[in-house]
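Chains A and B supply the protein sequences, listed in that same order.
1 is the number of the first residue of the first sequence in the numbering used here; add one for each residue after it.
1001 is the number of the first residue of the second sequence in the numbering used here; add one for each residue after it.
No wet-lab data here; the hints were simulated from the structure.
For every residue, glycine included, the Cβ atom is placed at its ideal position computed from N, Cα and C.
Possibly wrong hints are sitting among the right ones.
Which stretches of chain B does chain A cover? Using the computed rule of at least three CB atoms under 8 Å from a CB of chain A, they are [claimed, not checked]:
id, segment
1, 1059-1070
2, 1188-1202
Each computed DSSO-like pair below joins lysine-lysine, with the alpha-carbon atoms no more than 27 Å apart [stated by the list, open to error]:
id, chain 1, residue 1, chain 2, residue 2
3, B, 1173, B, 1056
4, B, 1248, B, 1059
5, B, 1227, A, 173
6, B, 1248, A, 227
7, B, 1099, A, 244
8, A, 244, B, 1052
9, A, 56, A, 99
10, B, 1238, A, 99
11, A, 227, B, 1057
12, A, 227, A, 244
13, A, 248, B, 1056
14, A, 173, B, 1016
15, A, 244, A, 52
16, B, 1238, B, 1173
17, B, 1248, B, 1052
18, B, 1059, A, 216
19, B, 1227, A, 248
20, A, 99, B, 1227
21, A, 238, B, 1057
22, A, 28, A, 16
23, B, 1056, A, 95
24, A, 227, B, 1216
25, A, 99, A, 244
26, B, 1244, A, 99
27, B, 1227, B, 1244
28, B, 1216, A, 248
29, B, 1059, B, 1016
30, B, 1095, B, 1244
31, B, 1244, A, 244
32, B, 1057, B, 1238
33, B, 1091, A, 95
34, A, 56, A, 173
35, B, 1016, A, 238
36, A, 91, B, 1227
37, A, 216, A, 56
Chain by chain, the residues:
Number of protein chains: 2
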Amino acid sequence: MNDVLHTILNHRSIRKFEDCPLSDEQIKQIVECAQAASTSSFIQAYSIIGVKNSEKKQKLAELSGNQSYVAESGHFFVFCADLHRHEVIAKMENKDLTKSLESTEKFMVALIDAALASQNAVLAAESMGLGACYIGGLRNNLEEVSSLLNTPNYVIPLFGIAVGYPAQQPDQKPRLPFDHVYHEDTYQQDSNIYLQQLEEYNELISAYYTERTNGKRSDTWTGQMSKMLSNPSRLYMKDFVNSKGLLKD
Amino acid sequence: MNDVLHTILNHRSIRKFEDCPLSDEQIKQIVECAQAASTSSFIQAYSIIGVKNSEKKQKLAELSGNQSYVAESGHFFVFCADLHRHEVIAKMENKDLTKSLESTEKFMVALIDAALASQNAVLAAESMGLGACYIGGLRNNLEEVSSLLNTPNYVIPLFGIAVGYPAQQPDQKPRLPFDHVYHEDTYQQDSNIYLQQLEEYNELISAYYTERTNGKRSDTWTGQMSKMLSNPSRLYMKDFVNSKGLLKD
């Protein structure tokens, strides 16, 4: 197995870091790797905010649902969907680009662009002996996050990535069965097979938790998911994104 | 430089392939790498459809704006945002999850999940000596794509990835200046610096095209962007996504 496959398959989210900041060189290397990702029609519709200031990191840790490892990370990256750049271009080039910038299509493009870049960043960091954890909790309160990071209109902070020297080596959680996620030529429509795959996966996940908690926990995956999704979260999102000028049409 | 950084930084989109299909082993390896990516709260809200059938590949090439390399690829992967699985879970667990599934937040989660997985897939393929190209053109006509691939409600095909043995080695296009994409502690708000960075980048891109076309082309980046964004594309997207049950609230 080559080193790239090994790094990818060895991924686990790291939530405990040594007290050691990343060097500027490491940060630059990670960002340059992020920038090397594909971007839709060369649009480059994202920005990255690196947070060094310890008060801001602390505040972001709180805003993300008191995830202390945000503050304790060696560096905290915030990945943003960014069409502000293209709004500036509209003025430079004396064009009205509003209809494009407000479209659902371009919102999707910016999200995908930012996510591709971020996954390059995570793998780059991991290849350098660092660990990383995506922080979706950043979306708990984007109004405050935006205000703290001073982001303009047409910019949506999407998630953070806490990066640092790992001080733990957690187990990897088994993923959904290959045949459940990967379909050939047509989306799997046999509902019996589909349900059977989910039930087999439930057994796997339940055994995983039982073993690791001495039997105290034996959640199934579908149980976890139905519990989580029964409590709709971040329902302010549409209004927030709209208020920044995006996703209007 | 380690092999992971080298693979990431060496990326270019490949649009010309040798006539050689991927093996099932290669496909499996690529998908397993995709699945190893982080996923928001373990939700795993994506699916991958691999297209082998040559008529379907040909049809998808046409639907994507006559991109012949879709049909000529060694394998064509379609990455989908997928919350259908969680709608099935609602029935299994006898819960009403509609409010979550319809939310803008969960639409974003599914897009980000799919994109993280896809970038792992691309890097895995590249590390195995293959080349890849993202096909956003798949979104030109998602109604027909969905019908061709038989995707159910709560599933949105987001983009394709054409993968195969590369028969070209294109140049890499320079990315936006590091300081323009990466901000420290606060989003860059000095509009003079911001504009200057864009103008410097315009010179770089213009020189890039001039050199490669013997002076026939000298587009600036902001010129390209304003031209592209002056023609809003895929304005049907919001209605389409809504019709599949997503992004309603």
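Hints and how they fare:
1. Judged by the Cβ-Cβ criterion of 8 Å, the segment 1059-1070 of chain B is not covered by chain A as claimed, because only 0 of its residues qualify and three are needed.
2. For the segment 1188-1202 of chain B, the proposed coverage by chain A is satisfied: 5 residues have a C-beta within less than 8 Å of a C-beta in that chain, meeting the threshold of three.
3. Taking the CA atoms of residue 1173/B and residue 1056/B, the gap is near 31 Å; set against the 27 Å cutoff, the hint is violated.
4. Proposed proximity of residue 1248/B and residue 1059/B is contradicted: the alpha carbons are some 30 Å apart, above 27 Å.
5. With a C-alpha separation of about 46 Å, the suggested pair residue 1227/B and residue 173/A falls outside the 27 Å cut-off, and the hint is violated.
6. Taking the CA atoms of residue 1248/B and residue 227/A, the gap is about 21 Å. The hint holds against a cut of 27 Å.
7. A C-alpha spacing of about 23 Å is found between residue 1099/B and residue 244/A, which places the hinted pair at or below 27 Å, so the restraint holds.
8. Annotation: proposed proximity of residue 244/A to residue 1052/B is violated, straight-line Cα distance about 42 Å (limit 27 Å).
9. Proximity of residue 56/A to residue 99/A is assessed by CA-CA distance (about 35 Å); at most 27 Å being required, the pair is judged violated.
10. For the given pair, residue 1238/B sits about 13 Å from residue 99/A by alpha-carbon distance, which is consistent with the 27 Å threshold.
11. Taking the CA atoms of residue 227/A and residue 1057/B, the gap is near 39 Å; set against the 27 Å cutoff, the hint is violated.
12. Restraint check for residue 227/A and residue 244/A: the C-alpha separation of about 31 Å exceeds 27 Å, so the hint is violated.
13. A C-alpha spacing of about 34 Å is found between residue 248/A and residue 1056/B, which places the hinted pair above 27 Å, so the restraint is violated.
14. Note on residue 173/A and residue 1016/B: the hinted pairing is violated, with a Cα-Cα distance of about 37 Å set against a maximum of 27 Å.
15. Proposed proximity of residue 244/A and residue 52/A is supported: the alpha carbons are some 26 Å apart, at most 27 Å.
16. Only pairs whose Cα atoms come within 27 Å are accepted, and residue 1238/B paired with residue 1173/B is rejected, the gap being roughly 31 Å.
17. With a CA separation close to 34 Å, the supplied pair residue 1248/B and residue 1052/B exceeds the 27 Å bound.
18. Of the supplied pair hints, the one linking residue 1059/B and residue 216/A is violated, its CA atoms being roughly 52 Å apart against a limit of 27 Å.
19. Straight-line distance between C-alpha atoms of residue 1227/B and residue 248/A comes to about 21 Å, which keeps the hinted pair within the 27 Å bound.
20. Using a Cα cut-off of 27 Å, the hinted pair residue 99/A and residue 1227/B holds, with the two alpha carbons roughly 13 Å apart.
21. For a cut-off of 27 Å, the pair hint linking residue 238/A to residue 1057/B is broken: about 36 Å separates their Cα positions.
22. Simply put, residue 28/A and residue 16/A have alpha-carbon atoms about 23 Å apart, close enough for the 27 Å limit, and the pair holds.
23. Restraint check for residue 1056/B and residue 95/A: not satisfied, since their Cα atoms lie roughly 39 Å apart, outside the 27 Å limit.
24. This hinted pair does not check out: residue 227/A and residue 1216/B have alpha carbons roughly 60 Å apart, beyond 27 Å.
25. For the hint linking residue 99/A to residue 244/A, the alpha-carbon distance of about 14 Å falls within 27 Å, and the restraint holds.
26. Simply put, residue 1244/B and residue 99/A have alpha-carbon atoms about 23 Å apart, close enough for the 27 Å limit, and the pair holds.
27. A hinted pair counts as satisfied when its Cα atoms are at most 27 Å apart, and residue 1227/B with residue 1244/B does not qualify at roughly 31 Å.
28. About 38 Å separates the Cα atoms of residue 1216/B and residue 248/A, which puts this hinted pair outside 27 Å; it is violated.
29. Among the hinted pairs, residue 1059/B with residue 1016/B is consistent with the structure: their alpha-carbon atoms are about 18 Å apart, no more than 27 Å.
30. Under the criterion of a C-alpha separation no larger than 27 Å, the hint pairing residue 1095/B with residue 1244/B is consistent with the structure, at around 20 Å.
31. With a CA separation close to 25 Å, the supplied pair residue 1244/B and residue 244/A stays within the 27 Å bound.
32. Proposed proximity of residue 1057/B and residue 1238/B is supported: the alpha carbons are some 26 Å apart, at most 27 Å.
33. For the hint linking residue 1091/B to residue 95/A, the alpha-carbon distance of about 50 Å lies beyond 27 Å, and the restraint is violated.
34. Proposed proximity of residue 56/A and residue 173/A is contradicted: the alpha carbons are some 31 Å apart, above 27 Å.
35. A C-alpha spacing of about 40 Å is found between residue 1016/B and residue 238/A, which places the hinted pair above 27 Å, so the restraint is violated.
36. Distance restraint check for residue 91/A and residue 1227/B: the Cα-Cα separation of roughly 13 Å lies within the 27 Å cut-off, and the hinted pair is therefore satisfied.
37. Taken as a hint, the residue 216/A and residue 56/A pair is broken in the structure, with Cα atoms around 37 Å apart against an allowance of 27 Å.
Hints 1, 3, 4, 5, 8, 9, 11, 12, 13, 14, 16, 17, 18, 21, 23, 24, 27, 28, 33, 34, 35, 37, counting from the list given before, are not met by this structure.
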